[in-house]
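Use these hints to put chain H onto chain S, whose structure you have.
There are 2 protein chains.
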Amino acid sequence: METNLSPEQQRDLQAFGKRLAVIRKSRGWSQEKLALESGLARSYLGGVERGQRNIAVLNILKLARTLECDPGAFFQT
Amino acid sequence: METNLSPEQQRDLQAFGKRLAVIRKSRGWSQEKLALESGLARSYLGGVERGQRNIAVLNILKLARTLECDPGAFFQT
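Which chain is which? The protein sequence lines are S and H, in order. Position 27 (the first sequence) corresponds to 46 in our numbering; numbering is contiguous. Position 49 (the second sequence) corresponds to 68 in our numbering; numbering is contiguous.
Just chain S, with the same shape it has in the complex:
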């Protein structure tokens, strides 16, 4: 969990998480399926999607490769 975040930072992480969830669901994948395919824990992915985790480059790339999308898609508004 990330603590002591400003409202803007919370919004930024929530926006990232929402885009991840949209892309995951567009594949028809559950969080459990994405966890199994990516090797990341389901509870961690849930935290990312809720904007409670400040995910870093290596895990961003892991998710993008697993979902076969551009990493930039997680940042697009």
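Calculated from the structure, these hints are not laboratory results. Careful: at least some of the hints might be erroneous.
Using C-beta positions, here's what the derived DEER-type ranges look like [claimed, not checked]:
| no. | chain 1 | residue 1 | chain 2 | residue 2 | range |
| --- | --- | --- | --- | --- | --- |
| 1 | S | Leu55 | H | Gly65 | 23 to 31 Å |
| 2 | S | Gln95 | H | Lys44 | 21 to 29 Å |
| 3 | H | Ser45 | S | Asn23 | 15 to 23 Å |
Far from chain H, some chain S residues (derived; all Cβ distances over 12 Å) [as the list claims (entries may be wrong)]:
| no. | residue |
| --- | --- |
| 4 | Ala40 |
| 5 | Arg43 |
| 6 | Lys44 |
| 7 | Arg46 |
| 8 | Leu55 |
| 9 | Glu56 |
| 10 | Asn78 |
| 11 | Arg84 |
| 12 | Thr85 |
| 13 | Phe94 |
Derived BS3-like pairs (lysine-lysine); straight-line CA-CA distance at most 30 Å [as the list claims (entries may be wrong)]:
| no. | chain 1 | residue 1 | chain 2 | residue 2 |
| --- | --- | --- | --- | --- |
| 14 | H | Lys44 | S | Lys44 |
| 15 | H | Lys81 | H | Lys52 |
| 16 | H | Lys44 | H | Lys81 |
| 17 | S | Lys81 | S | Lys52 |
| 18 | H | Lys37 | S | Lys81 |
| 19 | S | Lys37 | S | Lys81 |
| 20 | H | Lys81 | S | Lys81 |
| 21 | S | Lys37 | H | Lys52 |
Even glycine gets a Cβ: it sits at the ideal position worked out from N, Cα and C.
Chain H alone, transformed into the frame defined by chain S:
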């Protein structure tokens, strides 16, 4: 510093760092200037550019806004 990285992970972080350096230099900015403008430490930025730091979403967004570029540009090959 990141430790125990696989060769692929090292390459991924180095590629990210190189793209950051290219974008920074295209603005004619030194690391010192980017540090001053972004509020991130110059030593940290140096580590990111050398692929020694696994930078996370909030700092990626800070750099993209400072450099007025798309965050996805740091990931493009």
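Here's how the hints hold up against the structure:
no. : hint                          : verdict
1   : Leu55/S - Gly65/H: 23 to 31 Å : violated, 37 Å
2   : Gln95/S - Lys44/H: 21 to 29 Å : holds, 25 Å
3   : Ser45/H - Asn23/S: 15 to 23 Å : violated, 34 Å
4   : Ala40                         : holds, 15 Å
5   : Arg43                         : holds, 17 Å
6   : Lys44                         : holds, 20 Å
7   : Arg46                         : holds, 19 Å
8   : Leu55                         : holds, 20 Å
9   : Glu56                         : holds, 17 Å
10  : Asn78                         : violated, 8 Å
11  : Arg84                         : violated, 10 Å
12  : Thr85                         : holds, 14 Å
13  : Phe94                         : violated, 4 Å
14  : Lys44/H - Lys44/S             : violated, 38 Å
15  : Lys81/H - Lys52/H             : holds, 14 Å
16  : Lys44/H - Lys81/H             : holds, 17 Å
17  : Lys81/S - Lys52/S             : holds, 14 Å
18  : Lys37/H - Lys81/S             : holds, 19 Å
19  : Lys37/S - Lys81/S             : holds, 17 Å
20  : Lys81/H - Lys81/S             : holds, 22 Å
21  : Lys37/S - Lys52/H             : violated, 33 Å
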